[in-house]
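Starting from the given sequences, assemble the full structure and let the hints guide the process.
Mind the numbering: the sequence shown is residues 0 to 104 in numbering that gives the first Met the number 0, read in order.
Among the clues, some could well be false.
[Unchecked claim] The following label-pair restraints were derived from C-beta to C-beta distances:
no., residue 1, residue 2, range
1, Leu72, Thr18, 28 to 36 Å
2, Leu77, His52, 15 to 23 Å
3, Pro17, Arg70, 29 to 37 Å
4, His31, Ile58, 29 to 37 Å
5, Pro17, Gly69, 27 to 35 Å
6, Val60, His31, 29 to 37 Å
7, Lys41, Arg67, 15 to 23 Å
8, Gln68, Ala47, 14 to 22 Å
9, Gly69, His16, 27 to 35 Å
Hints in this document: simulated from the structure, not taken from any laboratory.
Computed from a predicted structure; not experimentally measured.
For each residue, glycine too, the CB sits at the ideal point set by N, CA and C.
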Amino acid sequence: MKSRYLWSFQKQRIPPHPTRLSVYRELVKAGHQRLPVGELQKRLEIPASTLSHHLSALISVSLVRQERQGRILFCHALIENLDLTPASLTKECCSGTKECSTTVI
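Encoded structure:
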């Protein structure tokens with residue numbers, strides 16, 4: 000499965016990195032629900048500065064969008080911007096929620 004993520008990231012001209020792939024995968028699992036940055040950091044068990052670095056890279060190629068609501072910064076994956084959405088990625092879409100349908104892709 001990782002090779003499909005790597006290929007998609009290379010098509011976006013973003014250097015594939017295991018942590019970056021994990022960040023994106025976790026956001027894909029969240030589906031349409033926005034994921035707070037703090038929750039993302041907790042799930043991945045990485046330092047805030049590392050997460051910020053990888054989120055910046057994903058945002059720069061329009062694979063992730065951030066929105067601030069009050070004091071909370073939310074992130075979500077922009078799956079539609081991948082050149083190729085592998086089947087394994089769409090299977091994971093919304094797997095972290097109960098209210099989502101994979102027909103969005």
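Hint check results:
Evaluation of the 28 to 36 Å hint for Leu72 and Thr18 yields a failure: the beta carbon distance comes to about 18 Å. A C-beta distance of roughly 19 Å is found between Leu77 and His52, which places it inside the suggested range of 15 to 23 Å. Between Pro17 and Arg70 the C-beta distance comes to about 30 Å, which sits within the given range of 29 to 37 Å. In this structure, His31 and Ile58 break the distance hint of 29 to 37 Å, their C-beta atoms being roughly 18 Å apart.
A C-beta distance of roughly 32 Å is found between Pro17 and Gly69, which places it inside the suggested range of 27 to 35 Å. Taken as a hint, the range 29 to 37 Å is violated for the pair Val60 and His31, whose Cβ atoms sit roughly 21 Å apart. Against the hinted window of 15 to 23 Å, the Cβ-Cβ separation of Lys41 and Arg67 comes to about 19 Å, which satisfies the hint. Between Gln68 and Ala47 the CB atoms are about 19 Å apart, so this pair conforms to the stated range of 14 to 22 Å.
Evaluation of the 27 to 35 Å hint for Gly69 and His16 yields a pass: the beta carbon distance comes to about 31 Å.
Checked against the numbered hints listed earlier, the structure breaks hints 1, 4 and 6; every other hint is satisfied.
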